[in-house]
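S.K.: Same order as they appear, the protein sequences are chains Y and C.
If you're matching positions, the first sequence starts at 1 in the numbering used here and goes up one per residue.
If you're matching positions, the second sequence starts at 1 in the numbering used here and goes up one per residue.
Please note that a few of the clues may not be correct.
[Claimed, not checked] Simulated coverage check for chain Y against chain C, where a stretch passes if three residues somewhere in it have a Cβ under 8 Å from a Cβ of chain C:
#	region
1	201-209
2	222-236
3	266-273
[What the hints assert, rightly or not] Here are the computed lysine-lysine pairs in the DSSO-like style, where the Cα-Cα straight-line distance is at most 27 Å:
#	chain 1	residue 1	chain 2	residue 2
4	C	K148	Y	K240
5	Y	K306	C	K135
6	Y	K170	C	K135
7	Y	K243	C	K14
8	C	K148	Y	K246
9	Y	K240	C	K135
10	C	K148	Y	K245
11	C	K28	Y	K306
12	Y	K311	C	K14
13	Y	K246	C	K135
14	C	K148	Y	K243
15	Y	K455	Y	K402
16	C	K135	Y	K245
FYI, nobody ran anything at the bench for these hints, they're computed from the structure.
Quick caveat: nothing in here was measured; it's all calculated off a predicted structure.
Glycine included, every Cβ here is placed at the ideal spot set by N, Cα and C.
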Amino acid sequence: MPQYLVRLAQTHESFRKAELEALAELAGIDIRFDFYDEDSPFCILALPSPTAAAILIHRSILSLSIHELWAQGTDYATLHASNHAASSIFWPHYATSSFRFTLDSYRGSRSTATQRTIIDSFSYMPLNGRIKMSNPDLSLTIFEDFATGSHEPRALYLGRLLSLSGRIAKTTYDLKKRAYISTTSMDAELALVTANVALAAPGKLFYDPFSGTGGFMVAGAHFGASVWGSDIDGRSIRGKGGKAKKDVVSNMVQYGLTSRYLDGFIADLTNSPIRGARGPGEDAARGGWLDGIMCDPPYGVREGLKVLGLKRDPGENRERLACVDRYMEEGYIPPKRPYSFEAMLEDILQFAAVMLVVGGRLSMWMPTANEEAENGEEQKELSIPMHPALGLVSVCVQPFNKWSRRLLTYRRLSPDEISPEALSAMVSHKKRAHGNGQNADDLNDFRRKYFQGFKEPET
Amino acid sequence: MKLLTLNFLTCARKACKSTTLAFPLRPKDAELEIVEADLEPLFIRNILPRVEWEALRTLCQDLGLPQLPPAAPEPAALFAPNPSDPSIPSDKLVRPGKEGEGEGEGEGEGEEGAPTQTLKDLHHVLLETTIREGKLVCGNCGHAYAVKEGIANFLLPSHLV
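With the rest of the complex left out, here is chain Y:
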């Protein structure tokens, strides 16, 4: 297969490969990574054709462009030699095409004069067409990759531009320009990446059980999926403001995505009204009807992690509870209690296992304290929640100072991929006591560590 150069954005490094792999799966394209490094914005892929390359990249958020790889080298001498050897077959085709050369130096810079010298060093190529800086037929880019602090590039590539990526959407959906957001709205770039990794596409149905101000729904709808969501906090769905009301719907209007937004409703994942959410029994081997689930569950730090129910068991006083005769009144707000983070993750996985179509994806964000993650690979793997009906597809990490959050992506396995032993073991495994009457810190390890500044308490 011919080789292509992807110019990646040098940000959210651990998400980049997962995104490219997801896009390849979505488009049904064979993909092979011939060169990929977290420390480099250049990635070499083997792909079936230039058309496939353009399709692969057109909705990517973490890459900038894809190029047909014409030459590569470690200095200009080897680059020119490689150009002669590998790409001279392309030259006659472009003999009379309009063209331009550009220089893309990563972690280095060149003066205008040097740039010109570099570009002129390619004058041996028989390009007799007009030089045209905007929209030429042939756009060649010389890529230079400098090691930190070095004055000479460590790698060089020459490529023909095939297609720009979909990264412009990052600007279009920027939270700063979005009418309705809240303190915990997901950054537009990462929400779009989440939608890519979850394989959001036209004709599919996507759901967010913690929809908030609808960031994931906007991202899913941008890629053509029809979306709906729910939240336990009705205020987030209803929105705010009188005449100039700002809500999830107004966000969809802002981006022209209203016809892909189905509905938002108020519900609690542990008491979900979704048809089939509890399955016939707890039978996770049955296929569902959601194509994808994207969510950023509450971490219990900036937003409370709560479910329906009473904090303390009322015991014998149950029938005297105010709710019994008041719940039908206008403005009644059902009581909520703190919930365990681990239990919630289990609930999400169980929900996804029951509700997703085979091959459907769950993309879920999850916070971790960094020391936990640094205790070696083994520990790290252990803390990723698993379900017998879900296969882990990718783990992407966004590091912060003392904690990080991870985007975990799972694929609903087909019935013959699911081990019946594991499934029955899980069903019989009695759920931990996610007790009543415990406070939020007892229930949520991450929250406790967060507010202790991630220090081990002195003993």
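Position chain C against the provided structure of chain Y, taking the given hints into account.
M.R.: Just chain C, lined up with the frame of chain Y:
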């Protein structure tokens, strides 16, 4: 709240999950509103097999909407015959219902050919007909969930959790 959404929801109480009485939720004092939406033919085609047709018929009846056919339309009835695609036998393309209306909208034309009136009718029922205000009542426990400004509230009081 769209009728499609309602077709995907049932009573939130755990006790009601195992009975067939709880689905579909029955609208009460419903105030309907038609909200126009662009046609998404591909989505309708994909979602149709996931819709509980019988429940949708009951719902339309409850709301006094035009009667739906007894069985869900076949996927082939959603798109007009595409002359360039000989793989679809012509007898599969006989459409129930009206003919020759609303054609000629270029939007949503894919490999399948132009959307038929059947598809447009489905689109109207599932995605453009919405419940603005009212209640959704569980046929098993009788609990009524309120719909306000198109947003349904499925939160349960603690004695029903």
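S.K.: Each hint: holds or not?
M.R.: Taking the hints in turn, this is what the structure says about them:
1. 201-209: The restraint on the region 201-209 of chain Y holds, since 4 of its residues have a Cβ under 8 Å from chain C and three suffice.
2. 222-236: holds (count 5)
3. 266-273: holds (count 6)
4. C/K148 - Y/K240: Holds, at about 15 Å.
5. Y/K306 - C/K135: 25 Å, holds
6. Y/K170 - C/K135: 40 Å, violated
7. Y/K243 - C/K14: With Cα atoms ~39 Å apart, Y/K243 and C/K14 exceed 27 Å; violated.
8. C/K148 - Y/K246: Holds, at about 16 Å.
9. Y/K240 - C/K135: Within the cut-off at roughly 23 Å; holds.
10. C/K148 - Y/K245: 15 Å, holds
11. C/K28 - Y/K306: 30 Å, violated
12. Y/K311 - C/K14: The given pair, whose Cα atoms are some 19 Å apart, holds under the 27 Å limit.
13. Y/K246 - C/K135: 25 Å, holds
14. C/K148 - Y/K243: 17 Å, holds
15. Y/K455 - Y/K402: Holds, at about 10 Å.
16. C/K135 - Y/K245: Satisfied, since the Cα-Cα distance of roughly 24 Å is no more than 27 Å.
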